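Protein chains in written order, with our numbering: chain A, 1 to 250; chain B, 1 to 250.
Hints may contain errors.
With a straight-line Cα cutoff of 20 angstroms, these simulated SDA-like cross-link-like pairs (lysine to any residue) come out [claimed, not checked]: (1) A:K69 - B:A226; (2) B:K85 - A:R96; (3) A:K69 - B:A94; (4) B:K206 - B:T142; (5) B:K147 - A:S47; (6) A:K69 - B:E93; (7) B:K147 - B:H114; (8) B:K147 - A:A61; (9) B:K147 - A:V55; (10) A:K69 - B:P246; (11) B:K147 - A:Y125; (12) B:K202 - B:P160; (13) B:K202 - B:T142; (14) A:K85 - A:D31; (15) A:K85 - B:H221; (16) A:K91 - B:R96; (17) A:K147 - A:G250; (18) A:K147 - B:K91; (19) B:K147 - A:K69; (20) A:K91 - B:S56; (21) A:K91 - B:D52; (22) A:K69 - B:K222; (23) B:K91 - A:E93.
Note that these hints are calculated values from the structure, not bench results.
Please read all numbers here as calculations on a predicted model, not as lab measurements.
Number of protein chains: 2
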Amino acid sequence: MLYHLHYWPTIQGRGEFIRLALEAAGAPYVDVARGDEPAGQGMTAMSHYLEDDSVSRPPFACPFLVDGKLVISQTAAILLYLGPKLALVGKSEADRLWTHQIQLTIADIVQEVHDTHHPVASGLYYEDQQPEAQRAGRHFRTERIPKYLAWFEAVLSRNPSNAGRLAQGRGPHLVGGRLSYADLSLFQLVEGLLYAFPKATKRQLKKSPHVLALHAGVAQHKRVAAYLASERRLPFSEEGIFRRYPELDG
Amino acid sequence: MLYHLHYWPTIQGRGEFIRLALEAAGAPYVDVARGDEPAGQGMTAMSHYLEDDSVSRPPFACPFLVDGKLVISQTAAILLYLGPKLALVGKSEADRLWTHQIQLTIADIVQEVHDTHHPVASGLYYEDQQPEAQRAGRHFRTERIPKYLAWFEAVLSRNPSNAGRLAQGRGPHLVGGRLSYADLSLFQLVEGLLYAFPKATKRQLKKSPHVLALHAGVAQHKRVAAYLASERRLPFSEEGIFRRYPELDG
Chain A
1 MLYHLHYWPT IQGRGEFIRL ALEAAGAPYV DVARGDEPAG QGMTAMSHYL
51 EDDSVSRPPF ACPFLVDGKL VISQTAAILL YLGPKLALVG KSEADRLWTH
101 QIQLTIADIV QEVHDTHHPV ASGLYYEDQQ PEAQRAGRHF RTERIPKYLA
151 WFEAVLSRNP SNAGRLAQGR GPHLVGGRLS YADLSLFQLV EGLLYAFPKA
201 TKRQLKKSPH VLALHAGVAQ HKRVAAYLAS ERRLPFSEEG IFRRYPELDG
Chain B
1 MLYHLHYWPT IQGRGEFIRL ALEAAGAPYV DVARGDEPAG QGMTAMSHYL
51 EDDSVSRPPF ACPFLVDGKL VISQTAAILL YLGPKLALVG KSEADRLWTH
101 QIQLTIADIV QEVHDTHHPV ASGLYYEDQQ PEAQRAGRHF RTERIPKYLA
151 WFEAVLSRNP SNAGRLAQGR GPHLVGGRLS YADLSLFQLV EGLLYAFPKA
201 TKRQLKKSPH VLALHAGVAQ HKRVAAYLAS ERRLPFSEEG IFRRYPELDG
């Protein structure tokens, strides 16, 4: 089955959490909006689902995944759906719910990252809300980055499967003893925070050895490493969610 | 099975989406933090899950639901879990995913409502971010309320089950032909918007007849109506997510 991922073609954004899962699993997929219009892809194909009245269950926004007749939007819901199919989540209901909760918490901090540069309105330019952004950035880096990273650190350090893995020099996992989509997303979150708030993030990572080890472990995953080195991996930029505005990093 | 809901005891907040589902289903539950400390309830019981190192899978924040050994946080994840047990979601995977996506989109606008009065930081008082809040409120009521309500209206008007229901004077549903937890949550969203942004919301509801009919239909649901008239239903207030600050409503 060929998955069709629809997301903005020039940024990592929220679509990157889905791309990482598909890539880590070696799943066949099309990044539709990055494809050619004559081949039925490109932005026209994506806009159809968002704008045509004929779509009975329209996504509110991208990213969304089309799998046969199913159209699934909301990053965390897409990963909830893909997890079992890509073997990127545990088999028990408890593990699946816990992985989903972690993913939703990652979604929350991702939204907060976005709001540091768009505290007033997502429809305004950064330049039109810069004073507000500086106040928001200060609170985010001094209160929210520490709070979230401390929670991820607690989750990792309380996962009994990780003691053995770390002793063998292997990266820890958020849930049980196997790689999950939440691990991939936490890797991406740390990547993004290091890009957007390098000073504040490095400071906090010194107190978060498990998070640091997870980040290193995921980066060494064979298919993830190949993806990150490929042209399929778009660079971070000031059009995405994680933006490097030094004035927000203090 | 007695469900244990943990949430702030004095506000509706995000916990209200869970309370409404439990109440509509007539499910037995304890609103733990509103209970008595000597009975092992109250804030002490809630804090245990958030603060004790012995909790292996700690919630990041409330609300969370304890069901036997399971501890589930994140409003949308709790409803994903409860939906089938309370018969508040369809039986097919497609319906369950679609209901969850709608719920996550409701969670998004709820977060945006919160951010109108806390655009800079959730850790600061409203009074310390009032100028920013006025700008944020203006964009929220002129751009975001119309965009979200238009989407809910589209979802309702494209659900083929609703034509017959409306012809019979019955309220429409977001998914299929039965009440789901997403219907209850959309009712609560409209309640909250009418409290916080009465002018902007009433204006937009005139263009959203299906949303209006859903709101009226849910309010007439027997168990929901009994709950809303009871002391268990906390009032809206300026401590919750939906706050009536007239200066933000234009």
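Now for the hints, and whether the structure bears them out:
no.	hint	in the structure
1	A:K69 - B:A226	violated (40 angstroms)
2	B:K85 - A:R96	holds (17 angstroms)
3	A:K69 - B:A94	holds (9 angstroms)
4	B:K206 - B:T142	holds (15 angstroms)
5	B:K147 - A:S47	holds (16 angstroms)
6	A:K69 - B:E93	holds (12 angstroms)
7	B:K147 - B:H114	holds (17 angstroms)
8	B:K147 - A:A61	holds (11 angstroms)
9	B:K147 - A:V55	holds (17 angstroms)
10	A:K69 - B:P246	violated (45 angstroms)
11	B:K147 - A:Y125	holds (19 angstroms)
12	B:K202 - B:P160	violated (26 angstroms)
13	B:K202 - B:T142	holds (12 angstroms)
14	A:K85 - A:D31	holds (18 angstroms)
15	A:K85 - B:H221	violated (38 angstroms)
16	A:K91 - B:R96	holds (19 angstroms)
17	A:K147 - A:G250	holds (18 angstroms)
18	A:K147 - B:K91	violated (38 angstroms)
19	B:K147 - A:K69	violated (26 angstroms)
20	A:K91 - B:S56	holds (19 angstroms)
21	A:K91 - B:D52	violated (27 angstroms)
22	A:K69 - B:K222	violated (36 angstroms)
23	B:K91 - A:E93	holds (17 angstroms)
Checked against the numbered hints above, the structure violates hints 1, 10, 12, 15, 18, 19, 21 and 22; every other hint is satisfied.
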